[in-house]
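Undergrad: Same order as they appear, the protein sequences are chains A and B.
Quick note on numbering that gives the first Met the number 0: the first sequence kicks off at 0 and runs consecutively.
Quick note on numbering that gives the first Met the number 0: the second sequence kicks off at 0 and runs consecutively.
Hints are computed from structural coordinates only; laboratory data are not their basis.
The structure displayed is predicted, hence computed values, not measured ones.
A couple of the hints might just be wrong.
[As the list claims (entries may be wrong)] Derived lysine to aspartate or glutamate pairs resembling EDC-like cross-links, with alpha carbons at most 20 Å apart: (1) 167/B to 542/A; (2) 211/B to 341/A; (3) 201/A to 71/A; (4) 264/A to 181/A; (5) 167/A to 88/B; (6) 48/B to 88/B; (7) 72/B to 67/A; (8) 248/B to 181/A; (9) 248/A to 33/B; (10) 248/A to 342/B; (11) 72/A to 217/B; (12) 167/B to 67/A; (13) 167/A to 542/A; (14) 201/A to 67/B; (15) 248/B to 88/B.
[As the list claims (entries may be wrong)] The calculated label-pair distances, taken between Cβ atoms and stated as ranges, are: (16) 608/A to 33/B: 54 to 60 Å; (17) 331/A to 242/B: 21 to 27 Å; (18) 469/A to 33/B: 35 to 41 Å; (19) 289/B to 33/A: 35 to 41 Å; (20) 381/B to 190/A: 54 to 60 Å; (21) 238/B to 235/A: 21 to 27 Å; (22) 64/B to 608/A: 53 to 59 Å; (23) 385/A to 26/B: 39 to 45 Å.
By construction, the Cβ of each residue, glycine as well, lies at the ideal position given by its N, Cα and C atoms.
For reference, the chains in residue letters:
There are 2 protein chains.
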Amino acid sequence: MAPTVEGGDAALLPEFPRGPLDAYRARASFSWKELALFTEGEDMLRFKKTIFSALENDPLFARSPGADLSLDKYRELNFLRCKRIFEYDFLSVEDMFKSPLKVPALIQCLGMYDSSLAAKYLLHTLVFGSAVYSSGSERHLTYIQKIFSMEIFGCFALTELSHGSNTKAIRTTAHYDPATKEFIIHSPDFEAAKFWVGNMGKTATHAVVFAKLHVPGDQCHGLHPFIVQIRDPKTLLPMPGVMVGDMGKKLGQNGLDNGFAMFHKVRVPRQSLLNRMGDVTPEGTYVSPFKDVRQRFGVSLGGLSSGRVSILSLAVVNLKLAIAIALRFSATRRQFGPTQEEEIAVLEYPMQQCRLLPYLAAAYALDHFSKSLFLDLVELQRGHASGDRSARQAELGREIHALASAGKPLASWTAQQGIQECREACGGHGYLAMNRLGVLRDDNDPNCTYEGDNNVLLQQTSNYLLGLLAHRVRDGACFRSPLKSVDFLDAYPSILDQKFEVSSVADCLDSAVALAAYKWLVCYLLRETYQKLNQEKRSGSSDFDARNNCQVSHGRPLALAFLELTVVQRFHEHVHQPCVPPSLRAVLGRLSALYALWSLSRHAALLYRAERRRGCPGRRDRSS
Amino acid sequence: MAPTVEGGDAALLPEFPRGPLDAYRARASFSWKELALFTEGEDMLRFKKTIFSALENDPLFARSPGADLSLDKYRELNFLRCKRIFEYDFLSVEDMFKSPLKVPALIQCLGMYDSSLAAKYLLHTLVFGSAVYSSGSERHLTYIQKIFSMEIFGCFALTELSHGSNTKAIRTTAHYDPATKEFIIHSPDFEAAKFWVGNMGKTATHAVVFAKLHVPGDQCHGLHPFIVQIRDPKTLLPMPGVMVGDMGKKLGQNGLDNGFAMFHKVRVPRQSLLNRMGDVTPEGTYVSPFKDVRQRFGVSLGGLSSGRVSILSLAVVNLKLAIAIALRFSATRRQFGPTQEEEIAVLEYPMQQCRLLPYLAAAYALDHFSKSLFLDLVELQRGHASGDRSARQAELGREIHALASAGKPLASWTAQQGIQECREACGGHGYLAMNRLGVLRDDNDPNCTYEGDNNVLLQQTSNYLLGLLAHRVRDGACFRSPLKSVDFLDAYPSILDQKFEVSSVADCLDSAVALAAYKWLVCYLLRETYQKLNQEKRSGSSDFDARNNCQVSHGRPLALAFLELTVVQRFHEHVHQPCVPPSLRAVLGRLSALYALWSLSRHAALLYRAERRRGCPGRRDRSS
């Protein structure tokens, strides 16, 4: 039974302890409690408070900031803490269905405490558990209960030493042997060893292993997931034929045991195949509801969107923590002043404000985006679970894939740069381990890499947009998507004719202004990228080369600008809803405008160049 | 007696071991040995080889990459290694005078091995030792010998808990007591504790302590340096009245013991005052060759330039290491390809090239700048040592101060961003501790903060330039400086009239083109900053507010652009010397152009905006 928080608002949102921040807090133009209630809602605040109170009161979660913990000790502690989280049972399955946002909220709370704990829990439940649930069938339901009781502990083994991004080149094999009705899982060589697998290093008993499926006398049916026991749950000793070990120290997240594994002709029962997208009959015939290998592959990796959305929300947590630390420090640290006698808080310096406040705004905008994208994902998964095979469901999957593929890069990079800026903005004190900025930076860093390298992922998003434009040019199709994130593109010729007409700085303080500029920018980048790509192809480049030659200067900024626009759009709509309390409208509007203008300003050179190509003001663009 | 390397060129520059990099190496358009000889010179290569060979053959320096070393063990090892470096006696005092570049070369070699070691050695010799030497007098020479024999071990205690950047607000006091002919060193409270002092945490026996000097019945004479024994060299126990301790774990450089100290009425002999800029007679009268407190203060902190120049060169080392690791990895790691069968090295992707190659060019350009600035510093110090009080010497000091104050920020930020890019460009493998990119990032990070926060320092450089322009506007003075870095500004009105006339991309591949654009940019920024500053003052802002309000949008880019221009200028001249071997001209020219264009491109928005303000092409600038 999960603990709960009793009492009214005072218990839920107690006053801050008195201290040097009082002076700034007293100057706020709004009530922070009202903002917290608007941002999270009372039910969510209560849920988070329950989790934090439990951790605060449990000695196993005692913090020792800046402690010099050995790798082994840290991993042991992290495992025990993960186990304890299951025992607390903060979130029932019914609760998950009723309030799906509590799932990322739980992960975020764990991430606030320690990224390694969030990752360990997430990998076992949402990555390993979800893979078993969504790729398996009835016969695998027995695993689900064992997962939630931590009777077994899992990991997700896709990446190999020599192949991460290029999943199609993965080389572990699974040959079916009809004589014994078993699959033989095998790693041909060390370069095909499963690598970087979180939880595999010390603690996982089971792995979802991706391997190329072969049946006798038939061609390869491509990558399929198998559930493979890799360790004895009692002794944690490796199973016969499995060579499994720990990757050693990493730049961060050292509470998480990343590992490698090689399989030497390991035999597993036929039922180990997670058979939703393809199965093998006892006699050895391959059967699949999907005709096309590519389509099958797409479905089997579809689950990666959920990983990316989780990472996005963990990156936001890191950014939130860092910016809170840096702003609080800046409000109390005094250095220099108008006279030698009077020193002022460093937060008063325009330089410090310019360095930090945009990241505060980014934390709010990205936090809202991460929640809204998670709800979109829930919609997709519900359609998937109910067997929806409509065109809309497929389109929704593609749209979420495109949003998550650029959302993870945007959030992880914003957090990474923000944390570094916070570290530097806190001067020497920011370099002390106990002040946590280093841990945040190191723990956030892999968010830029895993579940898809940021730069590689951005190509998914630009390809999605280019595909839509090609479809329009070729077939006259409209830009339409279930979440409407691309619908504005339908008007791209007229948007490209628009000019920026705002004359005063004050008028720019509405995010609608930046939003209009962003729409123009995305239309412009999309058209330019499309033209550049076609030009590359006309001049004889292969598809592969043409895309690579366009990515740096065109595809990458297109994907980022599109995603920034989506984040700005969603936050703009959110803070301009009629239900926003009047007392919060000003501050939320400012946060929205600040994030939008700051993000847009990074494209300033592009905007100027585009304007220049149009010619002097008054002339029309000749290239459109 | 220092070890030396025997044998000819083959021993000095042996072939690389054969391996997967051979294919790329075979494609080089130049001989790497020739490039190494041109960049370093044979004597320097030999010197570095001597150091590396000694470390390679000494078990005390055995590496355990990615090891999980405890804080205490790491500090102990680092101290022992530092001691061993003194025993090796790589660099005699005569050698230092004959080949001053061997000083930073030694520090760089130690930095290549481990930043903590370089910092520990540097702080003891060049920071503590130089402070005693240059701020003291004959009576302190006895310390110098003990420093080089490591009979005493030193640290430099300026920063306090509450004051780092604002050194004028430092509050430790030194009251002279004529009765006992002693100074009483005292920390009024914990906020005035000396803080962050490298070597102080565990190992220093002596500190140069900066304190406000008071004599009886007289006003305060400002900050002066005192040499104070803080620990017993035999037991390392604190001296009476000294509370000294370790700061604990940091984000990086954990081999270095940063510490804090409070002094409770600690009595030191009158001779402890490092008395070059001011002294107290036995009776208690303050005497100084400098009339003005400000001037005295300037001289006493003049030594900080040398710290900044050292940091600059250590940042370059970190960048060099990171880019070498990332490029080698990129040349061997294969992922995706034109067909499913054929994968290509990730270095072949334009994206990877755009991410990494500019940092390779930056490493070369900044390395050259760091050496040339060190030689300028040597000139300054020789003038100082020979008692040169000419106007040129003073001007040289100011110019080097301006160059070092922007050079440290430029180099430390370039390295920090470059290392992060390298980390990400190596994907998951870059996140493994043994691959060293994390250590490099963490160890480089404080370079952005210590010896002056980067953003605070940049103000020194913009103030220097603004002062020169004010002098010209007010008094008609010419822009002239001993190192000629500002001389071009004399022609600023005509430079501002120039237009960018290059028509082809090929023509831009000469760094002279970017150089001309940079000159225009610096003139433009200087004029704009000057106008903005005056406008702020006219509208009633105090000097303090006016400068702060100009810094983000004007002063900061001015300082950075000026320094980038200086780096580009020096590297351009270096690679276009007649003595450059013909076979190296192409590659060096490309490095120079790449660094220049890449740096300049970050100011693209500013260039477009400036052009726009001039009006459409053909029209003249009305505001000039």
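Undergrad: Decide, hint by hint, whether the structure agrees.
TA: We went through each hint and held it up to the structure:
{"no.": "1", "hint": "167/B to 542/A", "verdict": "violated (63 Å)"}
{"no.": "2", "hint": "211/B to 341/A", "verdict": "holds (18 Å)"}
{"no.": "3", "hint": "201/A to 71/A", "verdict": "holds (10 Å)"}
{"no.": "4", "hint": "264/A to 181/A", "verdict": "holds (11 Å)"}
{"no.": "5", "hint": "167/A to 88/B", "verdict": "violated (56 Å)"}
{"no.": "6", "hint": "48/B to 88/B", "verdict": "holds (15 Å)"}
{"no.": "7", "hint": "72/B to 67/A", "verdict": "holds (11 Å)"}
{"no.": "8", "hint": "248/B to 181/A", "verdict": "violated (52 Å)"}
{"no.": "9", "hint": "248/A to 33/B", "verdict": "violated (38 Å)"}
{"no.": "10", "hint": "248/A to 342/B", "verdict": "violated (29 Å)"}
{"no.": "11", "hint": "72/A to 217/B", "verdict": "violated (59 Å)"}
{"no.": "12", "hint": "167/B to 67/A", "verdict": "violated (35 Å)"}
{"no.": "13", "hint": "167/A to 542/A", "verdict": "holds (18 Å)"}
{"no.": "14", "hint": "201/A to 67/B", "verdict": "holds (16 Å)"}
{"no.": "15", "hint": "248/B to 88/B", "verdict": "violated (31 Å)"}
{"no.": "16", "hint": "608/A to 33/B: 54 to 60 Å", "verdict": "violated (40 Å)"}
{"no.": "17", "hint": "331/A to 242/B: 21 to 27 Å", "verdict": "holds (24 Å)"}
{"no.": "18", "hint": "469/A to 33/B: 35 to 41 Å", "verdict": "violated (50 Å)"}
{"no.": "19", "hint": "289/B to 33/A: 35 to 41 Å", "verdict": "violated (59 Å)"}
{"no.": "20", "hint": "381/B to 190/A: 54 to 60 Å", "verdict": "holds (58 Å)"}
{"no.": "21", "hint": "238/B to 235/A: 21 to 27 Å", "verdict": "violated (52 Å)"}
{"no.": "22", "hint": "64/B to 608/A: 53 to 59 Å", "verdict": "violated (45 Å)"}
{"no.": "23", "hint": "385/A to 26/B: 39 to 45 Å", "verdict": "violated (57 Å)"}
Consistency note: the structure conflicts with the earlier hints numbered 1, 5, 8, 9, 10, 11, 12, 15, 16, 18, 19, 21, 22 and 23.
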